[in-house]
Amino acid sequence: MSIITDNVIPGNDGKKFGTNAMEDKDLLQIKTILLELEGIKEVVLNMEIFPREFTVFTTKMIPITEIENKVREVGFHAIPKDLFDL
Numbered sequence: 001m002s003i004i005t006d007n008v009i010p011g012n013d014g015k016k017f018g019t020n021a022m023e024d025k026d027l028l029q030i031k032t033i034l035l036e037l038e039g040i041k042e043v044v045l046n047m048e049i050f051p052r053e054f055t056v057f058t059t060k061m062i063p064i065t066e067i068e069n070k071v072r073e074v075g076f077h078a079i080p081k082d083l084f085d086l
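Here my numbering is used: position 44 in the sequence shown is 44, and no number is missing along the way.
Misleading hints may appear alongside valid ones.
Claimed, not checked - Result set (DSS-like, lysine-lysine): computed pairs, CA atoms no more than 27 Å apart in a straight line:
| id | residue 1 | residue 2 |
| --- | --- | --- |
| 1 | K41 | K31 |
| 2 | K81 | K41 |
| 3 | K60 | K16 |
| 4 | K60 | K81 |
| 5 | K15 | K81 |
| 6 | K16 | K41 |
| 7 | K70 | K16 |
| 8 | K70 | K31 |
Hint data in this document are derived by calculation from the structure and do not stem from the laboratory.
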């Protein structure tokens, strides 16, 4: 548990999350609800892979639990991916 693993850090890389949402409309709903959070500047959806994933870009440090809870409000899960791609 550290600042880097528990938060989305502002920058060019963002933080990737996997989700159990499958339909395009569900992913767009996740994007819309996340953009309501203060500090989130962009959510990029990847609808081409399975499981679906999205990347969150921020202007300030945001706890991952805040994003997970916000996505849970619309009935889906957000699971943070590893820090760096191998």
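Problem - Pair hint outcome, K60 versus K81 [Cα-Cα no greater than 27 Å] - result: holds, 19 Å
Problem - Restraint check for K70 with K31, where alpha carbons must lie at most 27 Å apart - result: Roughly 10 Å between the alpha carbons, so the hint for K70 and K31 holds.
Practice task
Starting from K81, check that the Cα of K41 is at most 27 Å away, please.
Solution key: holds, 19 Å
Practice task
Take the C-alpha atoms of K15 and K81, compute the straight-line distance between them, and say whether it is at most 27 Å.
Solution key: Within the cut-off at roughly 8 Å; holds.
Problem - Pairwise hint evaluation, K16 against K60, where the allowed Cα distance is 27 Å at most - result: holds, 16 Å
Problem - Proposed proximity, K41 with K16 (alpha carbon, max 27 Å) - result: holds, 14 Å
Exercise for the section: For the pair we were handed, K41 and K31, check the Cα-Cα distance against 27 Å. Expected result: This hinted pair holds, its Cα atoms lying about 11 Å apart.
Exercise for the section: Compare the distance between the alpha carbons of K70 and K16 with 27 Å, and conclude whether the hinted pair is satisfied. Expected result: Holds, at roughly 15 Å.
In the structure shown, no violation is registered for any of the earlier numbered hints.
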